[in-house]
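> Sequence:
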Amino acid sequence: MPRSSRRRIRLNKSNKMRWSMKKIAIDDHSSDEDVKMDSNEMIVDDNLKDIGHDESTFRSGEVTSRRWISNETAPLFSKGRGRSLMLSDFMVCHPSGPFFYSNEDEWQKAITKFPDLLKNNDINYIDRTSTAAINVGADAYFDNETVLLQFQRLLKMLKFKTDYKDHDIDVLLDNARKHTACQYNLNDFRKNIDSRCPVDVIEDYDENDIKKTIQRFFKLNITLPTKCSLSELRKLLSEHPAFQTKTKLENLPITFNITIIYSPKFHCELNPIEGLWCNMKRFVRQRNDQQYNTMVLLIEQSRNQFVNIDLYKKLFHRFWQPCEAYRD
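Numbering (my numbering), first residue to last: 1074 to 1401.
Derived from the structure by calculation, the hints contain no laboratory data.
A quick note: this is a predicted structure, and the numbers were derived from the prediction, not measured.
The C-beta atom is built at its ideal place from N, Cα and C for all residues, glycine as well.
It cannot be assumed that every hint is accurate.
Stated by the list, open to error - Derived Cβ-Cβ restraints for the label pairs, each shown as a range:
| # | residue 1 | residue 2 | range |
| --- | --- | --- | --- |
| 1 | LYS1319 | THR1146 | 51 to 61 Å |
| 2 | ARG1360 | ILE1199 | 35 to 45 Å |
| 3 | LYS1308 | ASP1241 | 49 to 59 Å |
| 4 | GLN1394 | CYS1301 | 12 to 22 Å |
| 5 | LYS1338 | GLN1394 | 12 to 22 Å |
| 6 | THR1146 | LEU1221 | 30 to 40 Å |
| 7 | ASN1324 | GLN1181 | 47 to 57 Å |
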């Protein structure tokens, strides 16, 4: 084939690819009118409420990649730098709105029974919500312990949320380490008596979700080989219910009628809150002047804009489509 013909074919493929990418960009950056949907278009089970949870970091130095050039010069472009603000939020599939919050009456009932809700535990919460923010580098960090505290706050407030009453709730999470930390790890225990033991009591739940407690020195009535190595002992004990790989977050909501679901790796479409972060960061970067205070103000405005254009309905509609496809 002549070189000119091969070049023409490559150009045609490039133009088709560019046009397809343009269509994707148009779909992703559709106008507010295109995004709005009626509430009846949301595919949702009346007896099931899905809550997506995730964390994301905003940096004051991030701006949109499109910049004005004046006199052949461009303003300083700093990507991934500046002061950081880390958000941890919950996105709810419910007609009442995408963000979890308690009204004044529900909040008063909650703090009456759980006064510790008034303590922030070094985490900045939005009033009457479980939405949290941390100034990275100055405050604490969202590790497994802080995420557990945030979930405990959510579960206590859910008991008084009338909109979700008598509903089964599934919480969607990714596989980050802060979410998948296990209650007990066999590698932390030693074989011999009086050797290292990180806990005094081991708690687990049977098939009926009834709590069982095992003291530090206990008998499992497991038959061991005559000469059992530490690796063999760990393999045998790994089959015991007390040492099953159940995460701390999975053990937490058993008494609250809530199920923790971990989405498969690299499947962001199975957690609608990923679309929330995309929309918020695009909104902030388009208007950011690389000042931290401006970024904080824009984050609040982006949340309001997300609700006003009803984008959450579109995201949950997209969420149920791959779920139906995978089920088929």
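> With reference to the structure, classify each hint as holding or not holding.
Structure-based check of all given hints:
1. LYS1319 x THR1146: 51 to 61 Å: holds (58 Å)
2. ARG1360 x ILE1199: 35 to 45 Å: violated (21 Å)
3. LYS1308 x ASP1241: 49 to 59 Å: violated (36 Å)
4. GLN1394 x CYS1301: 12 to 22 Å: Violated - the Cβ-Cβ distance for GLN1394 and CYS1301, about 51 Å, lies outside 12 to 22 Å.
5. LYS1338 x GLN1394: 12 to 22 Å: holds (20 Å)
6. THR1146 x LEU1221: 30 to 40 Å: violated (50 Å)
7. ASN1324 x GLN1181: 47 to 57 Å: Once the Cβ atoms are compared, 30 Å apart, the range 47 to 57 Å for GLN1181 and ASN1324 is violated.
Consistency note: the structure conflicts with the earlier hints numbered 2, 3, 4, 6, 7.
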